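> So you can see what is in the structure, the chains are spelled out below.
Number of protein chains: 2
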Amino acid sequence: MSLDPVLSRIDETLPAAMERLLDLLRIPSISTDPAYKADVDRAADWLVSDLRSLGIPAEKRETPKHPMVVGHVDGDGPHVLFYGHYDVQPVDPLELWDRDPFDPIVEDTPKGRVIRARGASDDKGQLMTFIEACRAWKEVHGTLPCKITFFFEGEEESGSPSLVPFLEANKDELQADIALICDTGLFESKVPSIMTQLRGLCGEEITLTGPDKDLHSGMYGGAAINPIRVLTRILGNLFDDAGRIQIPHFYDGVPELPEDIAAQWDALNFDHGTFLGDVGLSQPAGEKGRSPLEMLWSQPTAEINGIIGGYTGDGFKTVLPSKASAKVSFRLVGQQDPHAIRKNFRAWVEAQLPADVKISYQEHGASPASQMTTTHPAFEQARSVLGAEWGHEAAFTGCGGSIPVAGYFKSILEMDTMLVGWAKDDDQIHSPNEKYDVESFHKGIRSWARILDAIKS
Amino acid sequence: MSLDPVLSRIDETLPAAMERLLDLLRIPSISTDPAYKADVDRAADWLVSDLRSLGIPAEKRETPKHPMVVGHVDGDGPHVLFYGHYDVQPVDPLELWDRDPFDPIVEDTPKGRVIRARGASDDKGQLMTFIEACRAWKEVHGTLPCKITFFFEGEEESGSPSLVPFLEANKDELQADIALICDTGLFESKVPSIMTQLRGLCGEEITLTGPDKDLHSGMYGGAAINPIRVLTRILGNLFDDAGRIQIPHFYDGVPELPEDIAAQWDALNFDHGTFLGDVGLSQPAGEKGRSPLEMLWSQPTAEINGIIGGYTGDGFKTVLPSKASAKVSFRLVGQQDPHAIRKNFRAWVEAQLPADVKISYQEHGASPASQMTTTHPAFEQARSVLGAEWGHEAAFTGCGGSIPVAGYFKSILEMDTMLVGWAKDDDQIHSPNEKYDVESFHKGIRSWARILDAIKS
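These protein sequence lines are chains A and B, in that order.
Take the first sequence: its position 277, counting from 1, is numbered 277 in UniProt numbering, and each next residue is one higher.
Take the second sequence: its position 259, counting from 1, is numbered 259 in UniProt numbering, and each next residue is one higher.
Only chain A is shown next, with the shape it has when bound in the complex (with noise of 0.2 Å):
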């Protein structure tokens, strides 16, 4: 089953698979917001009959919140699971979009061409590249180059709530010789890139109330207390001068960096001035005497994802608000625990609260950092046949982002995960005018045959 007329398949046959990722991209499966509960389901679907168009028994399989898909094919050689997630994010602020983020389109830009929708990149594109992949290779070869178990989920964009429970329960027919994960990027837009380390996740919503009902800030200022105050000022405490993190036991459990990783690291020519530059900003913001690559893949963060008190609207309302609420999120590296994290974050909240505040919390997610096993033979597999496709060798980096479920897949399915994508630092995921390049999935899809017939042999 040689590769090369695998590659001119999916070159002539691009253009129907581009019109299958607009289809998806039609279907705003935004996780979060229960008023798209419906279209999640869509989605679903959608992929069941995708796979089940390549001859796959695939099938939804419902969780108490959004469905998973899941799909097994045999084959001879290794057996792989692949994962990705069919929902997508939010997409306010909607203003900022040129479009509407759920009717696709193929544009020409100064940078080449790209596909424009909400979750084009993040994740819907890079699933696609997959899936197109193995579609080019059956039609070809007739059969599939190894055995392979197909696993999609739509709730990784809200804290993947059913995912811990699905993976316990299903253990044994989830089992592979190796994950393959496609929701990361890669280094500097060119640079074919295996995640070997993520950061982890703990998410966190906190209410402070004072005054039992809104008040006049004129008849009441002075002397009633004001939750957006005693917000601010919390808030305001999380870092030092050094931009370190305040809460008690924060670091426990962070590692300094191996010198051999930071070798690697260093070894990348990191341009911190463009990746800064092309957001608007040119100073990294992370704790001081941190190089910029740690302070994004091996140092936790603190980050307020939203705060909202008060009033908001035009004009001006001189109120004193009952309420005042900011939602949390940090990322996490090496042995921390996210639990923990919540757990002192919470007891060093209320430590700071002054008398008559109440607070309430609503937890969002809670996931560990990942260090993949770069020993399994897969990574020199894959890592030997991605310079071919993109003219630069592939490199182990890390990432800051969270993948819980690679964590998830080690510790439950006491499998290995390997992570490569296609993604590119502009292609504004989870922000308005969302995109993925037409090379990302057309070279994309190629770099899946390539990595599938080196796993295979």
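In case anyone wonders, no lab produced these hints; they're calculated from the structure.
It is possible that some hints are incorrect.
Any copy will do: because identical chains look the same in the list, a pair fits if it lies in one copy or spans two.
[Said to hold, decoys possible] Below, simulated DSS-like cross-link-like pairs (lysine-lysine); rule was C-alpha separation at most 25 Å, straight line: (1) Lys-37 <-> Lys-456; (2) Lys-171 <-> Lys-456; (3) Lys-410 <-> Lys-65; (4) Lys-111 <-> Lys-213; (5) Lys-60 <-> Lys-410; (6) Lys-190 <-> Lys-213; (7) Lys-456 <-> Lys-410; (8) Lys-147 <-> Lys-60; (9) Lys-138 <-> Lys-410.
None of these values were measured; they are calculated from a predicted model.
Given chain A, put chain B in place with the hints provided.
Chain B in isolation, oriented as in the chain A frame:
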């Protein structure tokens, strides 16, 4: 022209007076929200026709934003100008209202009958107490007790952008011996109170911009500055541990409370436990060492009236936002200069801005504190007759709120103002379920008849 038949007439015609008020309350005249412009205009028309039904040649006077209503009626004795505002606060959070804020209802409560609607107390109900007193007087005596200018504003809840230009342009027309304003309340909901000092107000909105687009907190978190982090850090420094405001020169022009005033206030035996307990609080939150009445009446404040940034919808979004903003207001006392406060606040904020963070501002009104001329005869005339209506001797008090117009009457029209009103502490003005007691409305009308009777003689 005796008073008693007027008071009897007021008692007999109360139901009709209430119907007129409900009619006015049905008009959603929210001045700060452009969506309600036509409704604000409709409320002005309603007042013009109501005054005309009294034989007063009133007219609507256009401004760049919302119209003023002006009417003159000649008569013997002193010339008073009565001011009230017919616009109202926004109604959000709407879900906390028990019914449509603009579908007024008269209902019985454990504390007596109330008129429930946005604006019932602030200020439509209070404004109408004066008109209804004039109506009864006219119906009994065929004329009004003295020369009166009616002057109603529709921008009081949105910073009064047109007020100063209008006063300057119509300085001669609006001259009177004294201005009467009904936009205040009873001390502790029972003692008739003539306010002799009011705090000023300076409203400011700041918007911080970090990255030029929303970012993924995994891809950029740690290296990219988060404007919510910066905003909370800056606003978290607004007060020191003793509750004193940290903006340089903020306290310039803040006088210590004169001993005679302090003695009068002590004599009021203010029950701050009940005042705060009614809104679910127990501890005065102002500067340590100040009495609760000082915190409310004679000390300045800094209040964050609104804050927003990042993702604030359901669920969670790991976004590193481009923007964060806050609406901040300062209550001013003594000789504090609102323009200097704005300038010093901006300088204080900018001194704390890190690299890469840009700031923009929006002004929301500026007015100095007011000190009334209690030696004007009207003050003693009013004080002497209010006790009979309310069963408590009237008191000279302070006010934590801002009624900028009183200051403008002094600075532009060179006219003294007397502030008296019938609102109660639990009227929930600016909050959901605002109400005005029928007792406030009824006795308020009778009180104005008594005051006009005392002033004319």
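> Does each hint hold? Answer for all of them.
A quick look at each hint next to the structure:
no.: 1; hint: Lys-37 <-> Lys-456; in the structure: neither (38 Å within a copy, 71 Å between copies)
no.: 2; hint: Lys-171 <-> Lys-456; in the structure: within (24 Å within a copy, 91 Å between copies)
no.: 3; hint: Lys-410 <-> Lys-65; in the structure: within (23 Å within a copy, 64 Å between copies)
no.: 4; hint: Lys-111 <-> Lys-213; in the structure: between (53 Å within a copy, 19 Å between copies)
no.: 5; hint: Lys-60 <-> Lys-410; in the structure: within (24 Å within a copy, 75 Å between copies)
no.: 6; hint: Lys-190 <-> Lys-213; in the structure: between (54 Å within a copy, 22 Å between copies)
no.: 7; hint: Lys-456 <-> Lys-410; in the structure: within (22 Å within a copy, 90 Å between copies)
no.: 8; hint: Lys-147 <-> Lys-60; in the structure: within (20 Å within a copy, 82 Å between copies)
no.: 9; hint: Lys-138 <-> Lys-410; in the structure: neither (30 Å within a copy, 88 Å between copies)
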